[in-house]
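Starting from the known structure of chain A, fit chain B onto it as the hints suggest.
Protein sequence lines, in the order shown, are assigned to chains A and B. For the first sequence, position 226 matches number 226 in this note's numbering, and the numbering has no gaps at all. Each number in this note's numbering corresponds to the 1-based position in the second sequence with 1000 added.
Any given hint could be a false lead.
No farther apart than 35 Å at their CA atoms in a straight line, the calculated lysine-lysine pairs in the DSBU-like style are these [what the hints assert, rightly or not]:
| hint | chain 1 | residue 1 | chain 2 | residue 2 |
| --- | --- | --- | --- | --- |
| 1 | A | Lys301 | B | Lys1152 |
| 2 | A | Lys389 | B | Lys1100 |
| 3 | A | Lys365 | B | Lys1002 |
| 4 | A | Lys230 | A | Lys2 |
| 5 | A | Lys42 | A | Lys365 |
| 6 | A | Lys221 | A | Lys243 |
| 7 | B | Lys1172 | B | Lys1119 |
| 8 | B | Lys1056 | A | Lys365 |
| 9 | A | Lys365 | B | Lys1107 |
| 10 | B | Lys1056 | B | Lys1002 |
| 11 | B | Lys1056 | B | Lys1152 |
| 12 | A | Lys2 | B | Lys1107 |
| 13 | A | Lys371 | A | Lys341 |
| 14 | A | Lys371 | B | Lys1056 |
| 15 | A | Lys230 | A | Lys371 |
| 16 | B | Lys1172 | A | Lys275 |
| 17 | A | Lys287 | B | Lys1152 |
| 18 | A | Lys389 | A | Lys230 |
| 19 | A | Lys371 | B | Lys1107 |
| 20 | A | Lys301 | A | Lys241 |
| 21 | B | Lys1088 | A | Lys2 |
| 22 | A | Lys241 | A | Lys42 |
| 23 | B | Lys1056 | A | Lys275 |
| 24 | A | Lys42 | A | Lys193 |
| 25 | B | Lys1152 | A | Lys275 |
| 26 | B | Lys1056 | A | Lys287 |
| 27 | B | Lys1107 | A | Lys241 |
| 28 | A | Lys365 | A | Lys193 |
| 29 | A | Lys312 | B | Lys1056 |
| 30 | A | Lys193 | A | Lys230 |
| 31 | A | Lys183 | B | Lys1152 |
| 32 | A | Lys193 | A | Lys183 |
Beyond 12 Å from chain B on every Cβ pair, some chain A residues (computed) [as the list claims (entries may be wrong)]:
| hint | residue |
| --- | --- |
| 33 | Lys2 |
| 34 | Met3 |
| 35 | Glu6 |
| 36 | Phe51 |
| 37 | Trp116 |
| 38 | Asn138 |
| 39 | His172 |
| 40 | Pro191 |
For the record, the hints were derived by calculation from the structure and aren't laboratory data. Bear in mind the structure is a predicted one, so any value in this text is a computation, not a measurement. Yeah, the Cβ is synthetic: ideal placement off N, Cα and C, and Gly gets one too.
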Amino acid sequence: MKMMIEGSMGVAYMVMRCRPNVIAAYPITPQTHIVEDLSQFKADGELSGEFINVESEFGAASVVLGAQAAGARAYSATTSQGLLLMGEVLFNMAGMRLPVVITVANRAISAPISIWNDHSDAMVMRDSGWIMLFAEDNQEAADMHPQAYKIGENPEIMLPVMINMDGFILTHAVETVDIPSQKEVDEFLPPYKPEEYLNVENPLTFGNLAEPQWYMETRYKLQETQEDAKALIEKIADEYKGKFGRYHGGLIDTYRMDDAERVFVAMGSIIGTLKDVVDDLRARGEKVGILKIRSFRPFPKEKIREVCGHVKELLVLEKAISFGLGGVLQEELRSTFYGQKHQPKVLGFVLGLGGRDIPPKSLIKLYEVSKGKEISNEFVDLRPEVAPKGSLVTL
Amino acid sequence: MKEIRLHGRGGQGVVTAAEIIGQAAFADGMFALAFPSFGSERMGAPVQSFVKISDKPIRARNQIHEPDYLIVQDSTLISMIDVTSGLKSGGLVIVDSERKPEELGLKIDGRVLTIPATKIAMEIIGRPVQNTTLLGYFAAVTGLISFDGVKKAIEERFPGLIGQKNVQAAQKAFELAGEVVNV
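Next up, chain A with everything else stripped away, as it sits in the complex:
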């Protein structure tokens, strides 16, 4: 049913439709509404799973880890400092091969305190072994949840999945979201039946000591499984399209890329803004398109090369920075093409940190003024008193 609701509520509905047995989460802005809505569903008797109140994000992550290890389907949601506090447990979930799903309402990291959106929180977890997906709008964020459980719970995968949606920009935005019926979601997502789980009849240990003769093999398997997940993420996106008629991309999605020479590369809600920008630029005769990275882990190198055969320049726009290196996404794009026959030039821009608005006119300007330039880690829309000389786009 189509509803005009907040992104958080769309997610809460879809989480409920996935029938998690256990939910544990600690409220933190801008994730709070997801948890409030779920606890309301629980109080109203609509949600059948256990809702466990906890004292912190560390507790929340530990509860869902334990629940999932005991054979339950588990869910949590967090953001920013909360995600950092979950950090140790997140790595454990991947190592124990527990297909928990968490929603991250992406937000900047302290200090200074910022409750607003960027992707710094997710980037910290990029080496955790989790599958990491980024949603463009609230429909995609909602639709990602049944897909995420189906990807993670596949017996060949057994990995946790993090669904990233931009804090405030999506979580607090009211727009139309089509929520399928319980029956339809049940037909798509079967109950979770793990081959192994904590069970007194058949005692097991998860996450025990791995001596040097075994630890490396667990890491090899994690890397191998991330590679295997690539085909499954595409397959499940197609399956979802067949069932629900909606497709937001597989590992990636493209927009007006067929003959595009210059292509924007980005993740999350900025893709929507970019679509309007690309339509404007196309109307002026520019051959421009968009490459949306939907799966950041596994990182779809092969798929990106496949769609960029004719592309001359990639303009990478990212809401995070690895201090001392620069933009993470731009470096991953460069490495994607290193040593390849066809090597599009990669231009890297950092923008929208800590909730700075990204107006279309800034994107059009950076498109225009970056032509023919070599650009890395170019901060967009800095205040002029801080921006270095020669900055391309300032406030």
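Just chain B now, with coordinates in the frame of chain A:
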């Protein structure tokens, strides 16, 4: 696409007002995107919210810097912040005020209308929460959303007596608008 920016203070329902406009547009069969610009939320602090309405799906997520319409829920903000910043030429500003538009000192290339929304809300709802009242007036003077849409959105948001009182206040403002102006 039409873009509306709302200004008010924390506690006045500025974000709710944007959502109700969006829900009214949805009820009218249009596409809408409503979202807040939170500061560090606290009662009394200046708050903005945004609504975009279109006959096509809305993709751009940027804040509204050049609105077609402005709704100012608290006229004391006018001396504090540049509420009319970026208003499109010929744009419309609606202010909750018992004063005449020309007394507000707004210098814009557009029109200013005032409506004593807080006064109406106090009379009908009994609380100085004037967002729904302003929306009845907004529907009347812009025609962008229908009164039926506003009514439906308010009733869904606030079931029961409190919703009915909010609808009554919006209705009163809607009717007052007919006496003032017809766009």
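Outcome of the hint check:
| no. | hint | verdict |
| --- | --- | --- |
| 1 | Lys301/A / Lys1152/B | violated, 49 Å |
| 2 | Lys389/A / Lys1100/B | violated, 49 Å |
| 3 | Lys365/A / Lys1002/B | holds, 23 Å |
| 4 | Lys230/A / Lys2/A | holds, 31 Å |
| 5 | Lys42/A / Lys365/A | violated, 48 Å |
| 6 | Lys221/A / Lys243/A | holds, 32 Å |
| 7 | Lys1172/B / Lys1119/B | holds, 11 Å |
| 8 | Lys1056/B / Lys365/A | holds, 25 Å |
| 9 | Lys365/A / Lys1107/B | holds, 30 Å |
| 10 | Lys1056/B / Lys1002/B | holds, 11 Å |
| 11 | Lys1056/B / Lys1152/B | holds, 22 Å |
| 12 | Lys2/A / Lys1107/B | violated, 42 Å |
| 13 | Lys371/A / Lys341/A | holds, 23 Å |
| 14 | Lys371/A / Lys1056/B | holds, 32 Å |
| 15 | Lys230/A / Lys371/A | holds, 33 Å |
| 16 | Lys1172/B / Lys275/A | violated, 41 Å |
| 17 | Lys287/A / Lys1152/B | violated, 45 Å |
| 18 | Lys389/A / Lys230/A | violated, 42 Å |
| 19 | Lys371/A / Lys1107/B | violated, 40 Å |
| 20 | Lys301/A / Lys241/A | holds, 23 Å |
| 21 | Lys1088/B / Lys2/A | holds, 32 Å |
| 22 | Lys241/A / Lys42/A | holds, 30 Å |
| 23 | Lys1056/B / Lys275/A | holds, 13 Å |
| 24 | Lys42/A / Lys193/A | holds, 23 Å |
| 25 | Lys1152/B / Lys275/A | holds, 32 Å |
| 26 | Lys1056/B / Lys287/A | holds, 24 Å |
| 27 | Lys1107/B / Lys241/A | violated, 52 Å |
| 28 | Lys365/A / Lys193/A | violated, 52 Å |
| 29 | Lys312/A / Lys1056/B | holds, 32 Å |
| 30 | Lys193/A / Lys230/A | holds, 22 Å |
| 31 | Lys183/A / Lys1152/B | holds, 28 Å |
| 32 | Lys193/A / Lys183/A | holds, 19 Å |
| 33 | Lys2 | violated, 8 Å |
| 34 | Met3 | violated, 9 Å |
| 35 | Glu6 | violated, 8 Å |
| 36 | Phe51 | holds, 24 Å |
| 37 | Trp116 | violated, 8 Å |
| 38 | Asn138 | violated, 9 Å |
| 39 | His172 | violated, 6 Å |
| 40 | Pro191 | holds, 33 Å |
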